[in-house]
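Those protein sequences? They're chains A and B, same order as listed. If you use the numbering used here, the first sequence corresponds to residues 1 to 94, in order. If you use the numbering used here, the second sequence corresponds to residues 1001 to 1156, in order.
It is possible that part of the hints are untrue.
[Unchecked claim] Taking lysine-lysine and the DSS-like style, the derived pairs with C-alpha atoms no more than 27 Å apart in a straight line are:
hint: 1; chain 1: B; residue 1: K1152; chain 2: A; residue 2: K26
hint: 2; chain 1: B; residue 1: K1152; chain 2: B; residue 2: K1140
hint: 3; chain 1: A; residue 1: K67; chain 2: B; residue 2: K1097
hint: 4; chain 1: B; residue 1: K1113; chain 2: A; residue 2: K67
hint: 5; chain 1: B; residue 1: K1114; chain 2: A; residue 2: K2
hint: 6; chain 1: B; residue 1: K1113; chain 2: A; residue 2: K72
hint: 7; chain 1: B; residue 1: K1055; chain 2: A; residue 2: K44
hint: 8; chain 1: A; residue 1: K83; chain 2: A; residue 2: K94
hint: 9; chain 1: A; residue 1: K94; chain 2: A; residue 2: K28
hint: 10; chain 1: B; residue 1: K1097; chain 2: A; residue 2: K72
hint: 11; chain 1: A; residue 1: K58; chain 2: B; residue 2: K1097
hint: 12; chain 1: B; residue 1: K1044; chain 2: A; residue 2: K77
hint: 13; chain 1: A; residue 1: K77; chain 2: B; residue 2: K1152
hint: 14; chain 1: A; residue 1: K83; chain 2: B; residue 2: K1097
hint: 15; chain 1: B; residue 1: K1154; chain 2: A; residue 2: K28
hint: 16; chain 1: B; residue 1: K1113; chain 2: A; residue 2: K58
hint: 17; chain 1: B; residue 1: K1114; chain 2: A; residue 2: K72
hint: 18; chain 1: A; residue 1: K62; chain 2: A; residue 2: K77
hint: 19; chain 1: B; residue 1: K1121; chain 2: A; residue 2: K28
hint: 20; chain 1: B; residue 1: K1113; chain 2: A; residue 2: K26
[To be verified] Which chain A residues stay away from chain B? Per the calculated CB distances, all over 12 Å, these:
hint: 21; residue: M1
hint: 22; residue: K18
hint: 23; residue: F25
hint: 24; residue: K28
hint: 25; residue: I30
hint: 26; residue: Q34
hint: 27; residue: Q47
hint: 28; residue: A86
hint: 29; residue: E92
These are computed hints drawn from the structure, not numbers from a lab. C-beta atoms are modelled at their ideal positions from N, C-alpha and C, and glycine is treated no differently.
In case you want the letters, here they are:
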Amino acid sequence: MKIATICGMGFGTSMMLKLFIEDVFKAKGITGHQVIPWDLGTFKGQQVDLVVAPTDMKSHLKGSETKVVYIKNLVDKQEIEEKIVAAIKELESK
Amino acid sequence: MNNASDLLESLTRDHIAVNINVLSWEEAVECSGRLMVDTGLTQKYYIEAMINIIKSLGPYCVIAPGIALPHARPEDGVIQTGFSLITLAQPVEFGNKANDPVDIVIGLAALDKKTHLTALKEIATYLSDDTFNHNLRAAKTKKDVLNLLDSKRKET
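In isolation and in its complexed conformation, chain A is listed as follows (with noise of 0.2 Å):
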């Protein structure tokens, strides 16, 4: 699966998620995702299968045809890992 994580950059917030998504995929062990980090202007237009953003960019992001897990606190694992989880579940299972 392709998952972007997206911020008005492309290398703070969004990099932050990949590095934090990636720890979660090794501790899980689980395996076959690319993460790519992605700035807002960049990113529209790309086709992946997953978004994950920060809440705060919802405003950005509205209308958005593929799915997209908000994520309110970026340095938690948990949180993380459980939206993130059930996301990939649900979308695989279509």
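With chain A fixed as given, assemble chain B onto it according to the hints.
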């Protein structure tokens, strides 16, 4: 220092300020930015750029309860990759419903998408530990902060 692969190498006492008094989030960001300007990490206009990005894109840089990680783009005046860290005497609101109010501000200057990664991960990992955040908020001097970072590093 060009390759800020290690947080402690890039975060010296000149990059740290504790118990700062500010009245607004703009002032907090400005203060974290000033440390980066004074230590030669960024040009002066980087501060304005950080503030403008929050104004235009929203306060999503408040990444966790009480913690903000403001930054702008490399082309906004970054000279060298690095960080600044300030704690506030009184928390301020950034307008982030989930994570306001903020009393820890970590300024980031990234020259590209790679050189800051190891240090970013290091600081993010520290910040995911509530005890670390509690001790950081309780730090009274720069030395306290450096000791805290040092002991945390030894732990991991």
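Status of the hints after comparison with the structure:
| no. | hint | verdict |
| --- | --- | --- |
| 1 | K1152/B - K26/A | 22 Å, holds |
| 2 | K1152/B - K1140/B | 17 Å, holds |
| 3 | K67/A - K1097/B | 22 Å, holds |
| 4 | K1113/B - K67/A | 26 Å, holds |
| 5 | K1114/B - K2/A | 20 Å, holds |
| 6 | K1113/B - K72/A | 23 Å, holds |
| 7 | K1055/B - K44/A | 21 Å, holds |
| 8 | K83/A - K94/A | 17 Å, holds |
| 9 | K94/A - K28/A | 22 Å, holds |
| 10 | K1097/B - K72/A | 9 Å, holds |
| 11 | K58/A - K1097/B | 12 Å, holds |
| 12 | K1044/B - K77/A | 35 Å, violated |
| 13 | K77/A - K1152/B | 18 Å, holds |
| 14 | K83/A - K1097/B | 19 Å, holds |
| 15 | K1154/B - K28/A | 25 Å, holds |
| 16 | K1113/B - K58/A | 24 Å, holds |
| 17 | K1114/B - K72/A | 25 Å, holds |
| 18 | K62/A - K77/A | 25 Å, holds |
| 19 | K1121/B - K28/A | 19 Å, holds |
| 20 | K1113/B - K26/A | 22 Å, holds |
| 21 | M1 | 22 Å, holds |
| 22 | K18 | 9 Å, violated |
| 23 | F25 | 15 Å, holds |
| 24 | K28 | 16 Å, holds |
| 25 | I30 | 19 Å, holds |
| 26 | Q34 | 16 Å, holds |
| 27 | Q47 | 21 Å, holds |
| 28 | A86 | 19 Å, holds |
| 29 | E92 | 27 Å, holds |
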